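A.B. asks: Spelled out, the chains give:
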Amino acid sequence: MDPDNGVTTLDRAENGGTTSLRSSLGQRWATAFLLAPPLLWFLVLYVSSLVVMLITSLWSVNSFTQTIDHHVTGSNFQQIAMGTYPSIIGRTVLLAALVTVIDAVVAFPFAYLMARIATQRAQRFLLAAILLPLWASYLAKIFAWVSILEKGGALDWSFRHLGLPSPNLGFTNGAVLITFCYIWLPYMIVPLFGALERIPSSLLDASSDLGAGSWWTLRHVILPLALPGLVAGSIFTFSLTLGDYVTPLLVGGSNSTLIGNAIYDNLITGGNLPLAAALSAVPIVIMVVYLLIAKRLGAFNAL
Amino acid sequence: MFRTTHRHGPRRAAIALVALSTMSLGMTLVGSDAGASGSLTPPTQGMKPQTSIGKGEGQLKLIAWEGYAQPQWVKPFESATGCQVSTKYAGSSGEMVSLMANGGGGQYDLVSASGDADLRLIYGGDVKPVNMKLIPSWKELRPFLQSPDFNTINGVHYGVSLQFGPNDLLYSTKTFKTAPTSWAVIYSKKYAGKITIPDNPIQIADAALYLETDKPSLGITDPYELTQTQFTAAVNLLKAQKPLIKKYWDLASQEINLFATGTTVVGAAWPYQTSQLKADHIAVDDTIPSQGATGWADSWLLAANAPDPNCAYDWMKWITTPQVQAEQAVSYGETPDNSLACPLMNRISAGSCVALHANEPDAYFNSIKFWKTPLSTCDNGKNDCIPYSEWTNAWTQITG
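Chains S and E are the protein sequences, given in the same order. Just so we're aligned, residue 0 is where the first sequence starts under numbering that gives the first Met the number 0, counting upward by one. Just so we're aligned, residue 0 is where the second sequence starts under numbering that gives the first Met the number 0, counting upward by one.
Chain S on its own, in the form it takes in the complex:
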């Protein structure tokens, strides 16, 4: 069996699959052999667990013994549509959107500097500086923000010494927003950097040769070309915020319950797996809609 042929067949199959008809039986076996492990992984571990979760969301739980009642019911989704759940969902989506916008605004000039202005050495240094915090424990970073934002913390201290009133950010939704923006920022910068770096200099030169000012070039040349990177980054910041429950737990206040916390409460405290599963379906639906929009904006063209 010739592995090279197998790969070729794969490539052709991917590019429309029309030319692979001539492949021999052996090549087909090679294709199947190569595709099997990732497909198996995808179907068994990934898709099936999602399907199980969605099926679970249609069950209910015996409120007393916490055993699962396997009769199909829509009661979990009814429950989500009522009471505080809509406001929890709304708060989560709003927060995720804010984090995404703020990270995009902060990341753009930084990524631009890295991609187009910095020397190669500086670029490498900046990239390492961006990626370095990702190696630190996520919990340690959150606790660092707790100590920065809490009463008497670093922020409070600085404000006091500058003669300013205390910002009083500890254990508020503002603290949650700041922490999220910090933690997910690298996930915005890196794809944006990739997109900006790929813009050919000739296009920018052409733009200015034709008399466009830098603002015009930015708006009509750079931004449209960077959009796929921006959208790709926003998928990270948006979905990561949507699913997180540790940050609000640790830095949030009494009004910081997000979807993740509601899932956690129902699962761990309440022992209500079906309701937790139904709640988990909410971010999935939101992300599917988000990804469809992202696809229309061309976020995946560059992949």
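In short, the hints are calculated from the structure, not lab data. The structure presented is a predicted model; accordingly, all values stated were derived computationally and were not measured. The reader is advised that the hints may include incorrect statements.
As the list claims (entries may be wrong) - Here are the computed lysine-lysine pairs in the DSBU-like style, where the Cα-Cα straight-line distance is at most 30 angstroms:
| # | chain 1 | residue 1 | chain 2 | residue 2 |
| --- | --- | --- | --- | --- |
| 1 | S | 140 | E | 87 |
| 2 | E | 74 | E | 132 |
| 3 | S | 150 | E | 176 |
Once you have looked at the hints, place chain E on chain S.
C.D. replies: For chain E alone, coordinates are given in the frame of chain S:
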């Protein structure tokens, strides 16, 4: 001194993090069909407990709160009995119940359940009767903890009481020159933004306990047995309290931090927080207000299908002895059930007996209403009480 950082559950984010991330596909698929609820007779009530302790099986599998199986008393147990202990730590009462319901079919021997989980395990058929004659130190336990209604039904024991503690009122002595005498302070606008209470549905009972004397017309007699009207009143009190809350704490360490930085000045807590804060010279103290307090009381319950029953009995014998009771109380920062533990505690850590209320008169213990699972069946024989699942739903509605 008292080393552990945090207690039950919803409160234990870091541990729960691991729990959540390792939650397996298997757990999703398995739905045990154990026991019907609502019936007044525990399904295992008829099972005859063993009458003697045979040779140990060589192993013992526990579900426990973190800190409940420390090498300090596990190692000597292992060498004395030959039972090798393996422990699965649970993050919350709910997790304990689901571990027992889904894995109780022979995987575990004992669970260190709290009062809010006990009845769910007993009526769920997950635990079985225990013969107290085989546990000598049982007679040394404080009388009210020998057959408490959270682990003993119709005179049948499903486990042995372990340790307990009150959910008391923690306050800053800078703000309060004298100890507050009423829980009203945590519902008062005067301390808006400087109040913290635990993030736990059972907190509804604390509100009910307050209403018991504040609104006698509601006729609350037991904070865990609430009719719809009483329940709604407690929930409304907590909803009105929400804008005053700085944070619903999940970890004891969070509350310690909130008081250490002066972010909050009053809140519901455990003696553990007080002792930690005082050790750091923070100006705080705790008290049990005139209305009394809720409290937790843990028991080791015997799994219905325990694979190692002899080792399980050996463990219950061991864990209730005065010395081990004293060790656990000091290590964890809670009150031992064994009445002989006090002098031994002072030997481990001077002053710990008084600090952890191990020598208080009965009046102190009577002022604590211990956690028990809210059921739909009330003592009045009617079926109109609000069950625990409604409590968790209501809690989400309050804090959401």
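A.B. asks: For each hint, tell me whether it holds in the structure or not.
C.D. replies: Verification of the supplied hints:
{"no.": "1", "hint": "140(S) / 87(E)", "result": "28 angstroms, holds"}
{"no.": "2", "hint": "74(E) / 132(E)", "result": "25 angstroms, holds"}
{"no.": "3", "hint": "150(S) / 176(E)", "result": "23 angstroms, holds"}
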